[in-house]
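Colleague: Going down the list, the sequences are from chains F and C. Take our numbering: the final residue in the first sequence is number 462, and no numbers are missing along the way. Take our numbering: the final residue in the second sequence is number 280, and no numbers are missing along the way.
One or more hints might be untrue.
Said to hold, decoys possible - Calculated lysine-lysine pairs in the DSBU-like style (CA-CA distance at most 35 angstroms, straight line):
| # | chain 1 | residue 1 | chain 2 | residue 2 |
| --- | --- | --- | --- | --- |
| 1 | F | Lys-385 | C | Lys-280 |
| 2 | F | Lys-316 | F | Lys-103 |
| 3 | C | Lys-173 | F | Lys-385 |
| 4 | F | Lys-101 | C | Lys-188 |
| 5 | C | Lys-81 | F | Lys-101 |
| 6 | F | Lys-218 | C | Lys-179 |
| 7 | F | Lys-385 | C | Lys-87 |
| 8 | F | Lys-103 | C | Lys-18 |
| 9 | F | Lys-103 | C | Lys-173 |
| 10 | C | Lys-188 | F | Lys-167 |
| 11 | C | Lys-204 | F | Lys-167 |
| 12 | C | Lys-81 | C | Lys-18 |
| 13 | F | Lys-101 | C | Lys-204 |
| 14 | F | Lys-167 | C | Lys-101 |
| 15 | C | Lys-188 | F | Lys-103 |
| 16 | C | Lys-101 | C | Lys-204 |
| 17 | C | Lys-81 | F | Lys-385 |
| 18 | C | Lys-124 | C | Lys-99 |
| 19 | C | Lys-173 | F | Lys-101 |
| 20 | C | Lys-81 | C | Lys-20 |
| 21 | C | Lys-179 | C | Lys-226 |
Note that these hints are calculated values from the structure, not bench results.
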Amino acid sequence: MANTMETNYYDTYPDDNGHFGQYGGRFVGETLMGAIYELEQAYEKYKTDPEFQAEMDKDLADFVGRPSPIYLAENLTKNLGGAQIYLKREDLNHTGAHKVNNTIGQALLAKRMGKTRIIAETGAGQHGVATATVAARLGMECVVYMGAADVQRQAQNVYRMKLLGAEVIPVESGSRTLKDALNEALRDWVTNVDNTFYIIGTVAGPHPYPAMVRDFQSIIGREARSQIINATGKLPDALIACIGGGSNAIGLFHPFIEDKEVVMYGVEGAGHGIETGQHSAPLSAGTPGVLHGNRTYLMQDENGQIIETHSISAGLDYPGVGPEHALLKDIGRANYVSVTDDEALEAFHTLTRSEGIIPALESSHAIAYACKLAPTMSPEQVLLINLSGRGDKDMHTVAAMAGLTF
Amino acid sequence: MSRISHCFEKLKTDGQTALIPYITAGDPEPWVTVPILHAMVDAGANLLELGIPFSDPMSDGPVIQKACERALKNDVSLKHVLDMVRQFREKDKITPIVLMGYANPLEAMGYEAFAKRAEEVGVDGILTVDMPPEESEQFLTIMDSHNIDTIFLVAPTTSLERMDKIAKVAKGFIYYVSIKGVTGSASLDISEVSEKMAELRQRTSLPLGVGFGIRDGKSAAAVSDVADGVVVGSTLVRWIAEHANNPEILPEALAGLVAEMRHAINARDMAK
């Protein structure tokens, strides 16, 4: 491993300007610079504030239901005939995915900053639902931007957001997916910057978002690390998580980064196959560039135009990725792989039938890679997968693939 | 002295305010961009802002976003924009041209390759909307070595401390964003603009341009009271959008819009 890992990773990244090596930073229009510094100062102040931490811990326990358990998937382990497979059950969280870990934290911050209006972007709708949920609870106005294509394929989550009192605005520009929703949310923020807090749902965007969202999501890895040691008496041999923007993956990975013997795999959406160009795998097949406030790996053409992505899973359908993953790739600390729509769909059915757990299509990508990796490992080895969300929201998509509508 | 500085000096001597129209390169068709630029200069434009089409223009409203989409349908990217400037310079060696766009197309071409080519074809300035001074150290050095002025934005939300920071690195002129919002949104508040202009003038001797929210001769004239330059963008681009199927009429039509604003600004300048 490179020398970079000899110095303490946690003290090094990000630097004071939000750089993870050459990645990250603050690439936004001047109108937002004041707002992101204001947010950074507030976050720096409250992240060590015992009262803030206590309120967050209480919400995570009583409202979200943390800690989420780890679960030994015995049938899957037996069927694959290799490593022992443990699932970190983020699907059991209130609202059905890991996204709420972050929205709880950011909403409490918004409240302390005196903001009265919350905006968010969403892809699969999980972050939108998690945002609408905390906004409802805190009595704040909530507007969620969602690509028009995603509004169609995630109709149930759209309805959930509306029930929770949020206004869902379909975004018709560009590819009508997550990246366009992010553009539109940034435009809203520029216009309403005085009273509005933008809850970004992943570890991307301008500093301090990648570090802040990671900190809020790291509870996944902190819990999992002690749970797996309790259960098996040792650290896991490998971690697997799916990657769209990368928040559930960094949440799992981050507390293990200095445990150098733990191998990490981030699984991107290969869509119809990397070779077809119809995928959403910037770490596997992209190049560095600047989008949505940070420098990172992007799917772009030779002129620097962002190209349209494809994934069966709306939550992975994004042309960029959090800057910390870009760094972890470059320094070789994490491995980034991809699985296709078909493989993810197969894994969806595999987990459902073998364990009685219906995973989100996003998380199915992690399961699919585990199905490849586990048989190459020995039964003494332990594989920990982040089951980032449950599949209720994907019933329509999966049924449609089987030729059913309801 | 750079073409931009020279232009503002001369206007100052003549007691005139600079009129700075913006269009997106390649909108609605690539061939019409250079004729529009010439026509606008003939109608009284002093400096030209040419937008580099980008797939994800986060700081722009729907008007310029759609202009980018129309241009990208014709595959117009940064290298074509530079070639348009080369064509423009065949006939016009005086009017300064500022390219305006987002960081990623510049990153993809490479700062050095961009700056070298930009200098060769006669680009005078570059405004990168999503590259604040914090991220532009290397960019500034390279642009400077190729005599490209780095234009920066100042917004209503910019603190005095940030104004100092921007004044230190800005060249050519400073562009004040007169509203909180994206391009082409609300109308501006002239007294607020005036206050900011005064704060900026304490920090820089560069000329000050004002843009975002200027829609007609009247608002252009009002801004000319407090600014050295008036930037008009979405109003022109909206007109292009409405006549996108009829591009041959655009040079004359945009010249008409520019002439009207020129007239309104001149009347105000004369009255000072």
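Colleague: Now tell me if each hint is right for this structure.
Modeller: Going through the hints against the structure:
no., hint, verdict
1, Lys-385(F) <-> Lys-280(C), "violated, 61 angstroms"
2, Lys-316(F) <-> Lys-103(F), "holds, 27 angstroms"
3, Lys-173(C) <-> Lys-385(F), "holds, 34 angstroms"
4, Lys-101(F) <-> Lys-188(C), "holds, 27 angstroms"
5, Lys-81(C) <-> Lys-101(F), "violated, 47 angstroms"
6, Lys-218(F) <-> Lys-179(C), "violated, 48 angstroms"
7, Lys-385(F) <-> Lys-87(C), "holds, 31 angstroms"
8, Lys-103(F) <-> Lys-18(C), "violated, 54 angstroms"
9, Lys-103(F) <-> Lys-173(C), "holds, 28 angstroms"
10, Lys-188(C) <-> Lys-167(F), "holds, 22 angstroms"
11, Lys-204(C) <-> Lys-167(F), "holds, 30 angstroms"
12, Lys-81(C) <-> Lys-18(C), "violated, 39 angstroms"
13, Lys-101(F) <-> Lys-204(C), "holds, 30 angstroms"
14, Lys-167(F) <-> Lys-101(C), "violated, 56 angstroms"
15, Lys-188(C) <-> Lys-103(F), "holds, 29 angstroms"
16, Lys-101(C) <-> Lys-204(C), "holds, 33 angstroms"
17, Lys-81(C) <-> Lys-385(F), "holds, 34 angstroms"
18, Lys-124(C) <-> Lys-99(C), "holds, 21 angstroms"
19, Lys-173(C) <-> Lys-101(F), "holds, 25 angstroms"
20, Lys-81(C) <-> Lys-20(C), "violated, 41 angstroms"
21, Lys-179(C) <-> Lys-226(C), "holds, 29 angstroms"
Figure legend: structure checked against the earlier numbered hints; hints not met, in rising order: 1, 5, 6, 8, 12, 14 and 20.
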